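Enquirer: One letter stands for each residue in the lines below.
Protein chains: 2
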Amino acid sequence: MSTLFKNTAVLTKKEGKYEVIKDAYLGVEGKNIDYIGTKKPEKHYEIVKDFSNKLLMPGLVNSHTHIPMVFLRGIADGLPLDKWLNEKVFPIESKLNADQIRISSYYAILELLASGVTSFTDMYFFPEGTAHAVKDSGIKANINKYILCFDENQSIEESMIPVSFDFYNKYNNTCDGRLKVDFSIHAEYTNKTHIVKEYSRLCKENNAIMHIHLCETKNEVDNCIEKYHKTPVEWFEELGTFENPTCAAHVVWPTDNDLDILKRHNVSIVHNPSSNLVLGSGIAPLRKVLDKGINVGLGTDGTASNNNLNMFEEMHIASIVHNGYNHDATNIRSEEIIDMATINGAKLQGRDNTGVLKEGNAADIIAIDMSGIHMYPVFDYFSILTKSAQASDVYMTMVDGKILYEDGKYLTLDKDRIVKEFKEAVESFYN
Amino acid sequence: MSTLFKNTAVLTKKEGKYEVIKDAYLGVEGKNIDYIGTKKPEKHYEIVKDFSNKLLMPGLVNSHTHIPMVFLRGIADGLPLDKWLNEKVFPIESKLNADQIRISSYYAILELLASGVTSFTDMYFFPEGTAHAVKDSGIKANINKYILCFDENQSIEESMIPVSFDFYNKYNNTCDGRLKVDFSIHAEYTNKTHIVKEYSRLCKENNAIMHIHLCETKNEVDNCIEKYHKTPVEWFEELGTFENPTCAAHVVWPTDNDLDILKRHNVSIVHNPSSNLVLGSGIAPLRKVLDKGINVGLGTDGTASNNNLNMFEEMHIASIVHNGYNHDATNIRSEEIIDMATINGAKLQGRDNTGVLKEGNAADIIAIDMSGIHMYPVFDYFSILTKSAQASDVYMTMVDGKILYEDGKYLTLDKDRIVKEFKEAVESFYN
Numbered sequence: 012m013s014t015l016f017k018n019t020a021v022l023t024k025k026e027g028k029y030e031v032i033k034d035a036y037l038g039v040e041g042k043n044i045d046y047i048g049t050k051k052p053e054k055h056y057e058i059v060k061d062f063s064n065k066l067l068m069p070g071l072v073n074s075h076t077h078i079p080m081v082f083l084r085g086i087a088d089g090l091p092l093d094k095w096l097n098e099k100v101f102p103i104e105s106k107l108n109a110d111q112i113r114i115s116s117y118y119a120i121l122e123l124l125a126s127g128v129t130s131f132t133d134m135y136f137f138p139e140g141t142a143h144a145v146k147d148s149g150i151k152a153n154i155n156k157y158i159l160c161f162d163e164n165q166s167i168e169e170s171m172i173p174v175s176f177d178f179y180n181k182y183n184n185t186c187d188g189r190l191k192v193d194f195s196i197h198a199e200y201t202n203k204t205h206i207v208k209e210y211s212r213l214c215k216e217n218n219a220i221m222h223i224h225l226c227e228t229k230n231e232v233d234n235c236i237e238k239y240h241k242t243p244v245e246w247f248e249e250l251g252t253f254e255n256p257t258c259a260a261h262v263v264w265p266t267d268n269d270l271d272i273l274k275r276h277n278v279s280i281v282h283n284p285s286s287n288l289v290l291g292s293g294i295a296p297l298r299k300v301l302d303k304g305i306n307v308g309l310g311t312d313g314t315a316s317n318n319n320l321n322m323f324e325e326m327h328i329a330s331i332v333h334n335g336y337n338h339d340a341t342n343i344r345s346e347e348i349i350d351m352a353t354i355n356g357a358k359l360q361g362r363d364n365t366g367v368l369k370e371g372n373a374a375d376i377i378a379i380d381m382s383g384i385h386m387y388p389v390f391d392y393f394s395i396l397t398k399s400a401q402a403s404d405v406y407m408t409m410v411d412g413k414i415l416y417e418d419g420k421y422l423t424l425d426k427d428r429i430v431k432e433f434k435e436a437v438e439s440f441y442n
Numbered sequence: 012m013s014t015l016f017k018n019t020a021v022l023t024k025k026e027g028k029y030e031v032i033k034d035a036y037l038g039v040e041g042k043n044i045d046y047i048g049t050k051k052p053e054k055h056y057e058i059v060k061d062f063s064n065k066l067l068m069p070g071l072v073n074s075h076t077h078i079p080m081v082f083l084r085g086i087a088d089g090l091p092l093d094k095w096l097n098e099k100v101f102p103i104e105s106k107l108n109a110d111q112i113r114i115s116s117y118y119a120i121l122e123l124l125a126s127g128v129t130s131f132t133d134m135y136f137f138p139e140g141t142a143h144a145v146k147d148s149g150i151k152a153n154i155n156k157y158i159l160c161f162d163e164n165q166s167i168e169e170s171m172i173p174v175s176f177d178f179y180n181k182y183n184n185t186c187d188g189r190l191k192v193d194f195s196i197h198a199e200y201t202n203k204t205h206i207v208k209e210y211s212r213l214c215k216e217n218n219a220i221m222h223i224h225l226c227e228t229k230n231e232v233d234n235c236i237e238k239y240h241k242t243p244v245e246w247f248e249e250l251g252t253f254e255n256p257t258c259a260a261h262v263v264w265p266t267d268n269d270l271d272i273l274k275r276h277n278v279s280i281v282h283n284p285s286s287n288l289v290l291g292s293g294i295a296p297l298r299k300v301l302d303k304g305i306n307v308g309l310g311t312d313g314t315a316s317n318n319n320l321n322m323f324e325e326m327h328i329a330s331i332v333h334n335g336y337n338h339d340a341t342n343i344r345s346e347e348i349i350d351m352a353t354i355n356g357a358k359l360q361g362r363d364n365t366g367v368l369k370e371g372n373a374a375d376i377i378a379i380d381m382s383g384i385h386m387y388p389v390f391d392y393f394s395i396l397t398k399s400a401q402a403s404d405v406y407m408t409m410v411d412g413k414i415l416y417e418d419g420k421y422l423t424l425d426k427d428r429i430v431k432e433f434k435e436a437v438e439s440f441y442n
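These protein sequence lines are chains U and A, in that order.
The numbering of the first sequence is this note's numbering, which starts it at 12 and goes up by one.
The numbering of the second sequence is this note's numbering, which starts it at 12 and goes up by one.
Think of the hints as simulated: they come from the structure by calculation, not from any bench.
Among the hints, a few may not be true.
Identical copies look the same in the list; a pair holds intra-copy or inter-copy alike.
Calculated cross-link-like contacts (lysine-lysine; reagent style DSSO-like; alpha-carbon spacing at most 30 Å) [to be verified]:
1. K434 x K17
2. K238 x K413
3. K33 x K434
4. K181 x K28
5. K426 x K17
6. K60 x K420
7. K181 x K299
8. K203 x K274
9. K434 x K24
10. K229 x K299
11. K369 x K241
12. K426 x K60
13. K420 x K17
14. K426 x K238
15. K94 x K303
16. K413 x K54
Since the structure is predicted, the reported quantities are computational estimates derived from the model, not experimental observations.
Just chain U, with the same shape it has in the complex (with noise of 0.2 Å):
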């Protein structure tokens, strides 16, 4: 299959600098984009496509989220953590079976495709049902099965271990290489030395990709130091877990040590501004943490601590919420939102041919339909992006060649059946 789309906008980077091509053609053979350029491509494209208006730019990847929490959207909205965790998201989470896991990550997918996301990390159990739903859609994840212990005496083989090897054993690398499988810790706090040290060890064996919740909350990081007396970063370079390519969610509350940590050993670190917003968990230090050269990507987390999974609000709340708490209109720069919502998620999902438009990278390409009255003028691609653009200004978007949502239309997913079936479960569940 060959795709061709014409008289469009492309944005490209070249020597890592944005350029917009205008009335371009971009040309998608196969998985991969064969060409991007003003001149008209000689070679025959199967289907063509005129793309006024529009700019195509690459698929945005949702670096941190935990997608089935649509089934718990916005439920606990005003409490407190201690409480919103506590009373409302554990006891629900304790009842949901395998099948609510599964539709509702059918439906948050379709949430996912219409607001420009191909590729996403998702941290949450039955991730079994998370997969099928990757498969069937045709969207990229890294997904895992995290472990979880709260018994200094378990033994490896009665922790979680084994069963988050065997799923990554069975996962990893599977739909074509869409889906991958990370290992992942849950978190300090839910974990103990003996388990972390020894998946950490696992981890890097297998030369996997770990994903984990690091320093969300002050409680956390204080907690940490009083058992320990060490930052929860301090504890996981310890026990070797940076010594994996990793990928750290929230990170709102690192030390200046602990930043050198991260970077000493290439960790990623993800933003959820959002969800650190919603919670009260504060505002990540982000200026500081891009400044000192940390691959940083963005995510929305799961709905029950943001409502959405709407990627151009966390693009638009991370491009001027820490230029308002910092009292600096030049904190943080439109273009360093797009690379933390682009390539830099593409780069801790392990995925190196993708997060720019490029010939011979994968077309995971979206499209936004420029032509919104909120979308004129553009003196600034990238503060329009970030700042004017909604998700629902998304018009099509296409993973490794493939078209998965166009014009409001999902092309692999049967949205009215999804959602008959999610609204099912959530009534069955609630009532």
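Following the hints, put chain A in place on chain U, whose structure we already have.
Expert: Below, chain A without anything else, positioned relative to chain U:
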């Protein structure tokens, strides 16, 4: 003209408490709501609309904006405030003519209506053009011809007071009361004592509303204290400005004494979180202001410091940023945000028959399409409206019983003509 909405949900408020009535009818006779209930009304309505899967709620009030600044949308992204103003905004504004302001106003109202705004308070020059756009579109607005004075020795006659007063006399309470004119002082730092004193007196003589910028930046407050040994709030109080029903925009840097003064004089505040974040102005002490019992509206400010006129994004940001900043997930309640975006805005505009859906009130109503993937499940309507809903979920906007926007179409404005004319104006100005 009479209209009946059936099979709809209606957000009402009784004795200060919100309630969502499901499977309801809402009847509109002429300009007003004449029925809300679950029983089918006996009366015959000329038009009957089935609004299944929709929620009717009060129209949004954008309580502080500069709508013609769509001409400068995002023009100075990432510039610090002084460069933003002095190198970009001011030089451009000095060249804008009345016709450019007029077409910009029409264009901006397209964005307002499509995103559920039924009334706005504007502060910009050449407001005659904005008045015409208000007249033709059917929207409600409080506009003004604000005063500036940089000359200690300027006489009242030579000042902008007579011009501002003429504008007030000509346009106030026109368009059947939809268009109101306020008095307006741009800010402390752009005015002189004798002018502000006389203008405040004249405002009182006319029982008008005063609209001002106040304590937007720390610099503004510091410079005022250096100049007058008073905060801007103390300065305005002494000059009699607050003896008028006053609406003060921004108020990011008030002292505790300032808030006491504002409360004592029943001054309303407009919260503009996006603009304050974008420009690095800071994060206003919203909880403290609400706890004082001060009336607080919500506004987008202009699109040069926001990039859009989207009150749903403004509600979202206002509903989460204070929780994060104050490390308290319970800092601001979603209902408070809905109040700010509706009834509180109506109050500060001096419109006492709108802002809440109830029988007898003006039919200033918007319909939210609740069928979006991101709008389910609904555990809490306020959480969904402030943190999940997008501007693109607005299905209908009605003002004074007249539908101005429905299902993507404008009923009073010629969208294509306005867009064409606006684009021609922008292109000929900047090229």
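Enquirer: Look at each hint and say if it fits the structure.
Expert: Status of each hint after checking the structure:
no., hint, in the structure
1, K434 x K17, "between (40 Å within a copy, 23 Å between copies)"
2, K238 x K413, "neither (50 Å within a copy, 65 Å between copies)"
3, K33 x K434, "between (43 Å within a copy, 18 Å between copies)"
4, K181 x K28, "neither (39 Å within a copy, 53 Å between copies)"
5, K426 x K17, "both (29 Å within a copy, 27 Å between copies)"
6, K60 x K420, "both (16 Å within a copy, 26 Å between copies)"
7, K181 x K299, "neither (39 Å within a copy, 54 Å between copies)"
8, K203 x K274, "within (24 Å within a copy, 54 Å between copies)"
9, K434 x K24, "between (42 Å within a copy, 28 Å between copies)"
10, K229 x K299, "both (18 Å within a copy, 24 Å between copies)"
11, K369 x K241, "neither (44 Å within a copy, 58 Å between copies)"
12, K426 x K60, "both (24 Å within a copy, 26 Å between copies)"
13, K420 x K17, "both (21 Å within a copy, 28 Å between copies)"
14, K426 x K238, "neither (48 Å within a copy, 64 Å between copies)"
15, K94 x K303, "between (35 Å within a copy, 27 Å between copies)"
16, K413 x K54, "within (19 Å within a copy, 54 Å between copies)"
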